[in-house]
Amino acid sequence: MTAAITEDDTQIDAAGKPGFVANIGKMSSHVASYLQAVPLAMILGFFFLLPILMIAVVSFWDYDFASLYPDFLTTNYTDTLGSWVTWKTYLNTLKYTALVWGLTLLIGFWVAYFLAFHIRTTTMQMVLFLVCTVPFLTSNIIRMISWIPVLGRNGLVNTTLIEMGVIPRPIEWLLYSDFAVVLAMVHLNTLFMVTPIFNTLMRIDRSLIEAARDAGANGWQILWNVIIPLAKPGIAIGSIFVVTLVMADFSTVQVMSGGQSASVALMMKNQMSLLQYPAAAANAVVLLMVVLLMVAAILRVVDIRKEL
Amino acid sequence: MSHEKRTFEFYVLAAFFTLFVLFLYGPLSAVFILSFQGPDGGLTFPLNGVSVHWFFNLFEQQAVGDFGASFKRSFTLGLMVMIVNVVVSLLAGLAFRRNFRGSAVLFYLTVASLVVPSIIISLGIGVVFQQFGIKPAWYSSAFGAHLTWTLPFGVLIMFAVFNRFSPAYEEAARDLGASSWQAFAHVVLPMIAPSLIGVGLFGFTLSYDEFARTLMTSGTYNTLPLEIYGMTTNVTTPVLYALGTVTTLFSFSIILLALAIILGLRRRQAKVV
Amino acid sequence: MTNDTKTPKGISRRGLLKSGAAATGAIVGSGLITGFPTIWAQNPITLRQFGTGVSNINAIAEKCKADLGITLEMTATDSDAAAQRAVTQPDSYDIADIEYWILKKVFPAGVIQPMDIKKLKYYDKIVPLFKTGKLKPDSIIAQGTAPHTVGYVEAIGDKTFAKGETQFFTMVPTIYNADTLGIRPDLVGRDITSWADIMDPAFKGKTSILNIPSIGIMDAAMIMESMGNIKYADKGNMTKEEIDATIDFLIKAKQDGQFRAFWKSFDESVNLMASGEVVIQSMWSPAVAAVRSKGIACKYQPLKEGYRSWGGGLGLAAHLEGAQLDAAYEYINWYTSGWVGGYLNRQGYYSAAMDTAKEFMTADEWGYWIEGKAASGDIMSPEGKIMEKAGAVRDGGSFEERMGKVACWNSVMDEDRYMVKRWNEFIAA
Numbered sequence: 057m058t059a060a061i062t063e064d065d066t067q068i069d070a071a072g073k074p075g076f077v078a079n080i081g082k083m084s085s086h087v088a089s090y091l092q093a094v095p096l097a098m099i100l101g102f103f104f105l106l107p108i109l110m111i112a113v114v115s116f117w118d119y120d121f122a123s124l125y126p127d128f129l130t131t132n133y134t135d136t137l138g139s140w141v142t143w144k145t146y147l148n149t150l151k152y153t154a155l156v157w158g159l160t161l162l163i164g165f166w167v168a169y170f171l172a173f174h175i176r177t178t179t180m181q182m183v184l185f186l187v188c189t190v191p192f193l194t195s196n197i198i199r200m201i202s203w204i205p206v207l208g209r210n211g212l213v214n215t216t217l218i219e220m221g222v223i224p225r226p227i228e229w230l231l232y233s234d235f236a237v238v239l240a241m242v243h244l245n246t247l248f249m250v251t252p253i254f255n256t257l258m259r260i261d262r263s264l265i266e267a268a269r270d271a272g273a274n275g276w277q278i279l280w281n282v283i284i285p286l287a288k289p290g291i292a293i294g295s296i297f298v299v300t301l302v303m304a305d306f307s308t309v310q311v312m313s314g315g316q317s318a319s320v321a322l323m324m325k326n327q328m329s330l331l332q333y334p335a336a337a338a339n340a341v342v343l344l345m346v347v348l349l350m351v352a353a354i355l356r357v358v359d360i361r362k363e364l
Numbered sequence: 052m053s054h055e056k057r058t059f060e061f062y063v064l065a066a067f068f069t070l071f072v073l074f075l076y077g078p079l080s081a082v083f084i085l086s087f088q089g090p091d092g093g094l095t096f097p098l099n100g101v102s103v104h105w106f107f108n109l110f111e112q113q114a115v116g117d118f119g120a121s122f123k124r125s126f127t128l129g130l131m132v133m134i135v136n137v138v139v140s141l142l143a144g145l146a147f148r149r150n151f152r153g154s155a156v157l158f159y160l161t162v163a164s165l166v167v168p169s170i171i172i173s174l175g176i177g178v179v180f181q182q183f184g185i186k187p188a189w190y191s192s193a194f195g196a197h198l199t200w201t202l203p204f205g206v207l208i209m210f211a212v213f214n215r216f217s218p219a220y221e222e223a224a225r226d227l228g229a230s231s232w233q234a235f236a237h238v239v240l241p242m243i244a245p246s247l248i249g250v251g252l253f254g255f256t257l258s259y260d261e262f263a264r265t266l267m268t269s270g271t272y273n274t275l276p277l278e279i280y281g282m283t284t285n286v287t288t289p290v291l292y293a294l295g296t297v298t299t300l301f302s303f304s305i306i307l308l309a310l311a312i313i314l315g316l317r318r319r320q321a322k323v324v
Numbered sequence: 170m171t172n173d174t175k176t177p178k179g180i181s182r183r184g185l186l187k188s189g190a191a192a193t194g195a196i197v198g199s200g201l202i203t204g205f206p207t208i209w210a211q212n213p214i215t216l217r218q219f220g221t222g223v224s225n226i227n228a229i230a231e232k233c234k235a236d237l238g239i240t241l242e243m244t245a246t247d248s249d250a251a252a253q254r255a256v257t258q259p260d261s262y263d264i265a266d267i268e269y270w271i272l273k274k275v276f277p278a279g280v281i282q283p284m285d286i287k288k289l290k291y292y293d294k295i296v297p298l299f300k301t302g303k304l305k306p307d308s309i310i311a312q313g314t315a316p317h318t319v320g321y322v323e324a325i326g327d328k329t330f331a332k333g334e335t336q337f338f339t340m341v342p343t344i345y346n347a348d349t350l351g352i353r354p355d356l357v358g359r360d361i362t363s364w365a366d367i368m369d370p371a372f373k374g375k376t377s378i379l380n381i382p383s384i385g386i387m388d389a390a391m392i393m394e395s396m397g398n399i400k401y402a403d404k405g406n407m408t409k410e411e412i413d414a415t416i417d418f419l420i421k422a423k424q425d426g427q428f429r430a431f432w433k434s435f436d437e438s439v440n441l442m443a444s445g446e447v448v449i450q451s452m453w454s455p456a457v458a459a460v461r462s463k464g465i466a467c468k469y470q471p472l473k474e475g476y477r478s479w480g481g482g483l484g485l486a487a488h489l490e491g492a493q494l495d496a497a498y499e500y501i502n503w504y505t506s507g508w509v510g511g512y513l514n515r516q517g518y519y520s521a522a523m524d525t526a527k528e529f530m531t532a533d534e535w536g537y538w539i540e541g542k543a544a545s546g547d548i549m550s551p552e553g554k555i556m557e558k559a560g561a562v563r564d565g566g567s568f569e570e571r572m573g574k575v576a577c578w579n580s581v582m583d584e585d586r587y588m589v590k591r592w593n594e595f596i597a598a
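Residue numbers (the working numbering), protein chains in the order written: chain D, 57 to 364; chain C, 52 to 324; chain U, 170 to 598.
Please keep in mind that the hints were generated in silico from the structure rather than gathered at the bench. One or more of the hints may lead you astray.
Below are the EDC-like pairs computed for lysine to aspartate or glutamate, each with C-alpha atoms no more than 16 Å apart in a straight line [said to hold, decoys possible]: (1) U:Lys-463 - U:Glu-557; (2) C:Lys-186 - U:Asp-260; (3) U:Lys-463 - C:Asp-91; (4) U:Lys-423 - D:Asp-234; (5) U:Lys-300 - U:Glu-334; (6) U:Lys-542 - U:Glu-557; (7) U:Lys-294 - U:Glu-334; (8) U:Lys-303 - U:Glu-334; (9) U:Lys-328 - D:Asp-120; (10) U:Lys-287 - U:Glu-323; (11) U:Lys-373 - D:Glu-228; (12) U:Lys-463 - U:Asp-355; (13) D:Lys-325 - U:Asp-249; (14) U:Lys-294 - U:Asp-524; (15) U:Lys-303 - U:Glu-570; (16) U:Lys-554 - C:Asp-91; (17) U:Lys-473 - U:Asp-564; (18) U:Lys-303 - U:Asp-293; (19) U:Lys-288 - U:Glu-490; (20) U:Lys-294 - U:Glu-528.
Just so you know, these numbers come straight off a predicted model, no measurement behind them.
Based on the sequences and whatever the hints tell you, model everything.
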């Protein structure tokens, strides 16, 4: 707050006095920017950059049964990258990511579209949006385990279907399967897609749509040529959220697949559970690289800095 | 003609939206129903009697774990994260309005912080604190760990807000003789207030729920999600579901409160304008 | 020395401590125990303990406060997090409540200080299983990370374990049990006698084993051996070839759809059984009791190959010193003095100091839980609910029958790197 005051004061001073003073004013407004950015930079520096560097360092260490030894070894990486398990696990994780991303995008977009274009009053929009938000405020763990009594062999879905005579015996693949994993992930993460898309859709100038309609565009053309391009930044941000969350997930995969499916983070956790930190760290660095590449790809398609 | 088409589209989408809401609330309803199990009930169907036993049990001492203390910690931590999140995101948002050297680096650092898998950050912060001989605790290391997750959300939201924010409003205010502080406090702040509330709520929620980032950074005492997880090693009663039901109701009231505040602000703004 | 410490119930713990201190004063000498109560009165002491929810029970903290005046702050975690916290955040606790198999890795990290057995008042009462590996002098030592193999060091500061009993004890054992297959007698429809029965095609898609790598592989080893597929030199310390054979076997069973799910925490095992997802699975005795308490038939099935056993204990954090260290010793002495033992026994686990625990249980409870006799009255849980009706006999029989038939202990293998690698492969398959 104080930074904001000083900054604006100097601007006014600068505006009042031309030439040399204005330069100082410009400089001090830069200073103000720096001051305003310092808290963020410091927090990220200490709690993000430093720990990541630490992980990177540890990933080169040696370890044996009992302890870790500072060293510079690449075996942790060759072990990780050289095993087909890693690749298969990445493939599996990517499969989840692709499925969940596709589904959350599809659902998230239409929900946001409905809220933004079909609900007329902002109050109603907000109410409906918050209706979507409430489940996300319940503990993740509880939300996840709540699927088990629904999907189980004797769960809600199966008993209902059997009573209705639709199926003769319980459907086994509802729980402890890829289906269950994806379902729970979509359930957990859709809000992260809805929110940013809703945000961008709300900012689309309605006259653009009118203009397109006047020019003879049909509904699909408007959607495809006007709305979606303008919603791209929101889609990009939502995609970043979802991709990141799914790539790093271990608890959903563990619980919903009944421990029968692998994910990269789960592989790391198994290593960590036996205190094999360098191996886990190497895995972490690889995972980090993969996720960063995916995000870089998203950012290449949409420059959120410019378009946000 | 186009009007008719829109109504048809409206009904399809309304049905879709309803299905989505049902999907969101479906498993919660299972939690809701199961939390009313009888005293001998378990975590799965079929129901074993009906009672409100587990809601009372929630406020009694459990065999293992302590809901009250861990809830207090999580709630306090959530508030801390919320406040810091709002202040730091706002400042960063203001900073990013001008292009300063290093702004791109800081921006990508922020995005990276969002992207790095939670468990990695958790491990890293735990190790750093250990190496520096600082005691990890929920209010220090876990607090930082949560911020690495909530701040990017906050900054991105502020970024979006200020990118679309025309400086014309402030200029107009200054032309009318307002000091820059007045312009900020009376023009900018009210306009971005709903977004700030959003940033705060998001920060609180994400922190309150955070599990993986707290796992290796919480120090001696558990936050609520960790406590729930720890309790599953011994507790198999619907008390966990009762907790879920109570949290959902609690969230409902918080959200209603936020809604009331936002609407109130808007009304005031409407009067001012 | 401890023979005279036998005290009738009802006398306050402080009184017991004093008489105990008088009786053992010659040995304690240093005045470690005498004079304590006054110190706590002036200077309240808090001990922070963490461990799994299995033994981090609030009732113990309450009783400890009442008896000793020491505030015990308990934090429950899952077993993975417990190991992580022990090693990576050694300042965050004073007492570590961890399992013996992971101690094999935690202790060399230097975060736990060994205890001087001279300061342990009830050391003599601890069952020999934790000192020599033998329940009775003629027992055979089970395979795996048997607690006594990681129970001692030669000197303070040592990172390697001693071969036999020494003066320095790494952890005081607190709680242990033998795991076996749990079954739903109403759904399996046949007699279960061997670990191999879990692989019966009739139970396809209705079985489960543990999903903690180092324990799950032991379940698999018990199954493999009982099927006659392989004979391990030491199930708890397999060679690479043995690991390969075991994991390959698991992968095949998984791909054939034999397993419904793998469980990781207590509640998951209870839910799997209670909801009928699974009819036969590797299980803990108290989990069986938890299923049964919901009115669902469930049996802890003794098997001819014997049990897979585990044990946990309390370790002192390396940073403890002075009054806090003294308080920690006093707490541990209190822990082994019987009240806690009785409490744990009544939950279906076993206490490490059986003789002292007996003083705090009724004859009927002792008969039911420990001696394998039919209960003469209803058996109540510590929370006051009826667990078993009069006339019930505990599955698996007496303490000696159960703990005398341990085939192997939960373990960390020397080849644990390779094992985790292959385990990840199994999960990915």
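Evaluated hints:
1. U:Lys-463 - U:Glu-557: Holds: Lys-463 (chain U) and Glu-557 (chain U) sit about 12 Å apart, inside 16 Å.
2. C:Lys-186 - U:Asp-260: holds, 7 Å
3. U:Lys-463 - C:Asp-91: holds, 5 Å
4. U:Lys-423 - D:Asp-234: holds, 15 Å
5. U:Lys-300 - U:Glu-334: holds, 6 Å
6. U:Lys-542 - U:Glu-557: Holds, at roughly 13 Å.
7. U:Lys-294 - U:Glu-334: holds, 15 Å
8. U:Lys-303 - U:Glu-334: holds, 13 Å
9. U:Lys-328 - D:Asp-120: holds, 14 Å
10. U:Lys-287 - U:Glu-323: Distance of about 15 Å is within 16 Å: holds.
11. U:Lys-373 - D:Glu-228: Between Lys-373 (chain U) and Glu-228 (chain D) the Cα gap is close to 12 Å, so the pair holds against 16 Å.
12. U:Lys-463 - U:Asp-355: Within the cut-off at roughly 15 Å; holds.
13. D:Lys-325 - U:Asp-249: holds, 9 Å
14. U:Lys-294 - U:Asp-524: holds, 7 Å
15. U:Lys-303 - U:Glu-570: Roughly 13 Å between the alpha carbons, so the hint for Lys-303 (chain U) and Glu-570 (chain U) holds.
16. U:Lys-554 - C:Asp-91: With Cα atoms ~10 Å apart, Lys-554 (chain U) and Asp-91 (chain C) stay inside 16 Å; holds.
17. U:Lys-473 - U:Asp-564: holds, 14 Å
18. U:Lys-303 - U:Asp-293: holds, 15 Å
19. U:Lys-288 - U:Glu-490: This hinted pair holds, its Cα atoms lying about 14 Å apart.
20. U:Lys-294 - U:Glu-528: Status holds; Cα separation ~13 Å.
The structure shown violates none of the earlier numbered hints.
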